[in-house]
Amino acid sequence: MKRVVLLLLLLFLLPFAKADSNHSWEHEFENGYITTQPLLIEETVFVRTSGFWMGDDRPQVSAFELSSGDELWTYRSETTLQHDMSVLVFVEAGTGACGSWQDLLVGAWADGKVTALNPLNGMVVWEQQTEVNILGITGQLGIDEDRVVVPTRQGLSTFCLEDGEQLLRADFEEMGWRNGVLVSDNGYHVGTEAGVLYSIKRDGTISNTSIGDGKIRHAPIETPHGLLIHLQTATGSTLYLNNSIIGNYGSSPAIPLQYGENIFLATSEEWISLSCDDITCFETSKSQFHSNGEMSIRILENNLFELWVPSNTPDGGWGVFNQTSLQRMHTTSFDTYTTAAPGFSVAAMALGNDMGVLQVTIFDIDETTKEESSFSLIEVIHYVLLLSSYLLCCLFFATGNKPRLWKALTLFLLLFTVAAVPEMSTQWSTLIEPDSEATWDAEWPEEWQGTQIVVIEVDGKENVIGGLSGHSNVYELTQAASESLGITTEYEDQYLGLYLLSFNGTEGDGWEFTLDGSRSNTGIVDTTINSDSILRWRPA
Amino acid sequence: MLSGLGTHGPHVSSLGLLAINAVLFASAIWLLMRPNNHQKGWLWSLFLLAIIASGARILLSGLPNIMPVTILVIMVGSKYGLQRSIAFVILVTVSSNAVLGDGWWTLFQVLAWSSVAGVSAMFSVHDSEGNLSMKRLSFAAVWSVPLFSTIVSFSILDGTMSSLEFALYLFNGIPFDALHMMGNIFFAVWSGAWFERILSLQAPSQQRIVREDQHVSIV
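In order, the protein sequence lines correspond to chains A and B.
The numbering of the first sequence is my numbering, which starts it at 1 and goes up by one.
The numbering of the second sequence is my numbering, which starts it at 1001 and goes up by one.
No lab work stands behind these hints: they were computed from the structure.
Cβ coordinates follow ideal geometry from the N, Cα and C atoms, glycine included.
There could be a bad hint or two in this list.
To be verified - Quick list of in silico lysine-lysine cross-link-like pairs, DSSO-like style, CA-CA up to 27 Å: (1) A:201 x A:113; (2) A:402 x B:1135; (3) A:407 x B:1135.
Unchecked claim - Rough simulated footprint, nothing fancy, chain A against chain B, three-plus residues with beta-carbon under 8 Å: (4) 1147-1155; (5) 1168-1181.
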């Protein structure tokens, strides 16, 4: 009987099987697109739908619990029109000159309404009506301390965050569409469908400038060298910096995104990276890509970032760029035309597209859990057993019970070895420096030199991708390469770490990797890589 | 990760695996049928231990190299001789690999454990009176590991690996060999007497003597 108990105790050492490192849930809206970025605020996901809807359906703002996907509340606009394209804005509670306000979720509607909702329950805190000329508000709102700045259909209004009282109003001669507002030290800047840029000072003084023959469909970008505007023209688009042309690009420009000294643009033809130095802003790189909506930044460790760009094509998906080039395509099972940028928080990502599908992925749920709580039942049982066996050793040694001392000692040594081997094997492999074989292929593009390259041999075919960067271990690099190559992966978390089960569903006899021509004795997460490493996966 | 290292070698098709397993299984049957041992009851003991070894190997598969198979192979080899122990090895390896994963390495595992059984048949862990010697068993728990590890590692040789690389591969496996060794010693100390009782089931009940914790009892 005691041996049965012992065997059961030993089985407690088995790790829990963890199916995936990422966990995700989906919600499908049946009444429209998701054309704007979902927001992830603490434990809640906020998302709005837009046209095209029919019958009794109406656009709505919904809140979901991040971890479970349970719908918390939904606010429907019964009066709005098609094409609600104004991004939701979350405003933290605060106090300003015009009053104090609670946490607010502010949305603007195509019927000209501005609605401030209580993010906890979706109840309207205040609502204001602005002018409608066929459509109402379609551009991105701005927040200026204690007020929300609203680019209306034919003007601009500001409303106090406390109660929605109108504080400023400016009327324009031309109409705007998807014309977000820039809030700067000098006031507010917003463009129109006639290519006119309006600047409104906080005292209400209005000035305007005709930028060019085209349409301004985004908030201007503020640079040290003046405002940058990506003007949509009849034949494509033109980039203006401080009213001077600095480039011509493809049609239907996306909403530009500024991140530090970098500005990212996109059109139906290309993705463009700009950089601003002391003298001017200039193009640093350009890649073929089709995007017409929003872009967003995902902040990584070590000051790295990823730029996520929705692909507005039938195949959809999201291009993941670094500062200079496309790193991979992120795809899902529901990809289609997409203009909404992904929403990010530290622990999760929310994707939405024109099918009205919201997919929320919680990153590395196990690691996050570990960080939040170091409690692990397996580890506790392991260490309790370890301590108990040690104490038993001491007891049997003291009482001179040699046979039982041996038993307790072997149990202690086994438990100790089980605990020590994973770390020991990692250190052990560093004691030797295996010979590396040359693995650079002369047929690869020269620009891959000095970058991370991955070769995956699946079904007798070599799938190669290079130009990758910023990945610190084999797991990260494999994931990035697989996503770029459209190869699915499956992992299993085992006692010794994450284990690659399959590529494209093929398990075979297992998979082995070499890094820079050498086999590694450490796991895919523990094996660190260099900035110019060549990783090769092949069937074992 | 161990997929990148494991005992793999050339890919074997499903048909090839079927053929290998069929040959191995037929060999096991032939070895068991050969009438070299006229004692009654040994077959049931061997089957029971094979079930224990396979089940424990499967259940403990999450803990690398911790399993009672090696210690059982040593004891079966010592008690029943090379012929029965090879049959035992085949039964355990084929049945547990059916769950854990079958391939080219199955042959090498059979070869490695059979070698361990062969050595233990020559250098018995039982004394002259047929009683289990815990000292010899503990010693066998240690020497069996490098023998098993080296032979089973041959499965990784695929013509592209140099001898230096193979040596490095073996070197890298030492921490896991240590784990295998500790597991063997653990099962020897905790379960050796119990396994010995099962091995001795064929003996008349009045002759069965179980030594446990220096306590001797007539079963």
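Now the hints, each set against the structure:
1. A:201 x A:113: It holds: about 23 Å lies between the C-alpha atoms, which stays within 27 Å.
2. A:402 x B:1135: holds, 14 Å
3. A:407 x B:1135: Distance ~13 Å between residue 407 (chain A) and residue 1135 (chain B) Cα, so the pair holds.
4. 1147-1155: Result for this restraint: violated, n = 0.
5. 1168-1181: holds (count 10)
The structure fails hint 4 only (numbered hints given earlier).
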